[in-house]
Amino acid sequence: MAQKAATLAQAERLFAFFQTAGAQPVQADILQPAETLLDLYGEDIRARAYVTSDPARGEQMLRPDFTVPVVQMHMQSGATPARYTYMGEVFRRQEQHPERASEYIQVGFELFDDGAPAVAEAQVFALFSELLSPLGLHAATGDIGLLVAAVEGLSTSEGRKAALKRHIWRPRRFRALLDRFGGRAPVPVSRARLLKALDKVGAESVLNRAGPPIGLRAHTEISARLHALQEDAATPPIAAGEVEILEDILGLRETCTNALEHLRDIAVDLPAIAPAVERMDARLEALSAEGIDVDLLDFEATYGRTTMEYYDGFVFGFYAEGRPDLPPVATGGRYDALTRRLGDGREVPAVGGVVRPELVLNLTETRP
Amino acid sequence: MTLKLGVPSKGRLMEKTFDWFAERGVEIRRTGSEREYTGAVEGVENMALVLLSAGEIPRELSTGRIHLGVTGSDLVHEKLADWQARVIAMEPMGFGYADLVVAVPHCWVDVDTLDDLDAAAAAFRAGHGFRLRIATKYHRLVRDFLREAGVADYSLVDSQGATEGTVRNLTAEAIADITSTGETLRANHLKILSDGVVHRSQATLFKSRSAPWDATARAAFRTLEDKLGLDS
Numbered sequence: 160m161a162q163k164a165a166t167l168a169q170a171e172r173l174f175a176f177f178q179t180a181g182a183q184p185v186q187a188d189i190l191q192p193a194e195t196l197l198d199l200y201g202e203d204i205r206a207r208a209y210v211t212s213d214p215a216r217g218e219q220m221l222r223p224d225f226t227v228p229v230v231q232m233h234m235q236s237g238a239t240p241a242r243y244t245y246m247g248e249v250f251r252r253q254e255q256h257p258e259r260a261s262e263y264i265q266v267g268f269e270l271f272d273d274g275a276p277a278v279a280e281a282q283v284f285a286l287f288s289e290l291l292s293p294l295g296l297h298a299a300t301g302d303i304g305l306l307v308a309a310v311e312g313l314s315t316s317e318g319r320k321a322a323l324k325r326h327i328w329r330p331r332r333f334r335a336l337l338d339r340f341g342g343r344a345p346v347p348v349s350r351a352r353l354l355k356a357l358d359k360v361g362a363e364s365v366l367n368r369a370g371p372p373i374g375l376r377a378h379t380e381i382s383a384r385l386h387a388l389q390e391d392a393a394t395p396p397i398a399a400g401e402v403e404i405l406e407d408i409l410g411l412r413e414t415c416t417n418a419l420e421h422l423r424d425i426a427v428d429l430p431a432i433a434p435a436v437e438r439m440d441a442r443l444e445a446l447s448a449e450g451i452d453v454d455l456l457d458f459e460a461t462y463g464r465t466t467m468e469y470y471d472g473f474v475f476g477f478y479a480e481g482r483p484d485l486p487p488v489a490t491g492g493r494y495d496a497l498t499r500r501l502g503d504g505r506e507v508p509a510v511g512g513v514v515r516p517e518l519v520l521n522l523t524e525t526r527p
Numbered sequence: 014m015t016l017k018l019g020v021p022s023k024g025r026l027m028e029k030t031f032d033w034f035a036e037r038g039v040e041i042r043r044t045g046s047e048r049e050y051t052g053a054v055e056g057v058e059n060m061a062l063v064l065l066s067a068g069e070i071p072r073e074l075s076t077g078r079i080h081l082g083v084t085g086s087d088l089v090h091e092k093l094a095d096w097q098a099r100v101i102a103m104e105p106m107g108f109g110y111a112d113l114v115v116a117v118p119h120c121w122v123d124v125d126t127l128d129d130l131d132a133a134a135a136a137f138r139a140g141h142g143f144r145l146r147i148a149t150k151y152h153r154l155v156r157d158f159l160r161e162a163g164v165a166d167y168s169l170v171d172s173q174g175a176t177e178g179t180v181r182n183l184t185a186e187a188i189a190d191i192t193s194t195g196e197t198l199r200a201n202h203l204k205i206l207s208d209g210v211v212h213r214s215q216a217t218l219f220k221s222r223s224a225p226w227d228a229t230a231r232a233a234f235r236t237l238e239d240k241l242g243l244d245s
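Residue numbers (the working numbering), protein chains in the order written: chain C, 160 to 527; chain F, 14 to 245.
No lab work stands behind these hints: they were computed from the structure. Don't take every hint at face value.
[Unchecked claim] Derived CB-CB ranges, DEER-like: (1) ALA393(C) - HIS141(F): 48 to 58 Å; (2) ASP208(F) - LYS355(C): 17 to 27 Å; (3) VAL346(C) - THR76(F): 44 to 54 Å; (4) THR379(C) - GLU196(F): 56 to 66 Å; (5) ASP208(F) - HIS378(C): 23 to 33 Å; (6) THR51(F) - GLY247(C): 50 to 60 Å; (7) ALA175(F) - MET232(C): 24 to 34 Å.
C-beta atoms are modelled at their ideal positions from N, C-alpha and C, and glycine is treated no differently.
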């Protein structure tokens, strides 16, 4: 009980800090319609969030985060640019890690700004950096936009690029696709057999032999995919050199300054990433202007790939060094894709982050 | 205290469990009338039989109300989060075989692997505006399996029975269900994905990690271990 009160006091302090930085305080309902979250995040959210049901309102979720309701609120009524801050409990099921908290307080800051993206990103990062500076945390940064640009720059079919982009957040599936599109993994036996049959007797006949049509997925959808499979089979493998470049980018772990140099070299061979590299350059400049030493700031190209779907640009996290038992103290990034998904065709450039006051408190107390 | 063994209270699973123990010199049987759920054990002193529904045995093991329990491994994996922390799988018993599989309509000639299912789900969601629905009652097992395989753009819909019929009834596009011979799947024009086996289940003797022990229960357990030829 005493601990919770102390955490709340700490949360109030962080909340006040963000308000001083010009953010408008907002609140969100604890019960959120499950449908929106399920549509956004898929089944995985069911494993991570508490689902409850209401006879009149249908399935509801105890809010697993504030981002979705804050984005919805801004898209409905807010004028851009806007800064918001919020404070409150979030709820997460911890089936794999029962020792972790399933209910904890988050304090967040979200910036909706259609001005220079690099400046907005630098402002948000610098704000968290200043807030957390007494704790001596380690900061990690990454850029999902760079990975997207690298995939778009491959000289292969649009279908293959779309498949790879869709799985940027699922590294294993991404790897399996890249191996197959690069000709390094064999075509599955059943696929080879199907392609042979299509060549021999044609799609119509293959379909007709397959038994009665059942289910919602129509014949036309199946033949569309058969056509896509034939096209894909006729597409040459992605050149080994390009796969190597992509792997080079994925393996990048350096200080920001060195990473930028390295990416400039890569952009000579893969010009499609040049705009993303320019954007990183502008961000580093904006970060320097905010007083961040980018010569010491870490950059990992794959950072944020597994944990933060819908972050689609700059991403960051702050960690207590030597405490691998603790989750990150703060995380954040750019999530334009989420606003696009929730905005019915509209999109608002957005960057934000959250911090966990109980970890701030814990680390303040244990610091020598 | 007595050593408590939970076994399924009816059907073939119960009979086969009794046979399995009998073959190893432990006579367990139901007592009283046909409708009365009481049992007796001969061959091991201070051991009691608890007759339960197979689906409740995982929970009873997890809370430690029984020391040992016989049930399908599928039920333990599905019902207990982090099951290895709660129970120990002591011995697969060689009966009650059933596979949990992902199956799609036979007419989906373009789909044979999870990779195909993922691609079909992406196109389906883009075309229909909702995720490809998979009907199942094994939510945890199926979700973990599909996450591990990197399948996206699907949703699970709950189906507690007649799951094979959901595709024809247009309440799901694919299913994940238990099958032993595949007969019902074929009759409903469904086929199993070639890499779509989620879990191969069989009746298994489990031991609780949280049940209380005293000297009497421990001695009974040692006698049982000897008879069953287990060493742990």
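We went through each hint and held it up to the structure:
1. Take ALA393(C) and HIS141(F): their Cβ atoms lie about 28 Å apart, and the range 48 to 58 Å is violated.
2. For ASP208(F) paired with LYS355(C), a C-beta distance near 20 Å keeps the hint of 17 to 27 Å intact.
3. Between VAL346(C) and THR76(F) the C-beta distance comes to about 50 Å, which sits within the given range of 44 to 54 Å.
4. For THR379(C) and GLU196(F), the hinted distance range of 56 to 66 Å is not satisfied, since their beta carbons lie about 31 Å from each other.
5. Between ASP208(F) and HIS378(C) the CB atoms are about 25 Å apart, so this pair conforms to the stated range of 23 to 33 Å.
6. For THR51(F) and GLY247(C), the Cβ-Cβ distance of about 52 Å falls inside the hinted range of 50 to 60 Å, so the restraint holds.
7. Between ALA175(F) and MET232(C) the C-beta distance comes to about 43 Å, which lies outside the given range of 24 to 34 Å.
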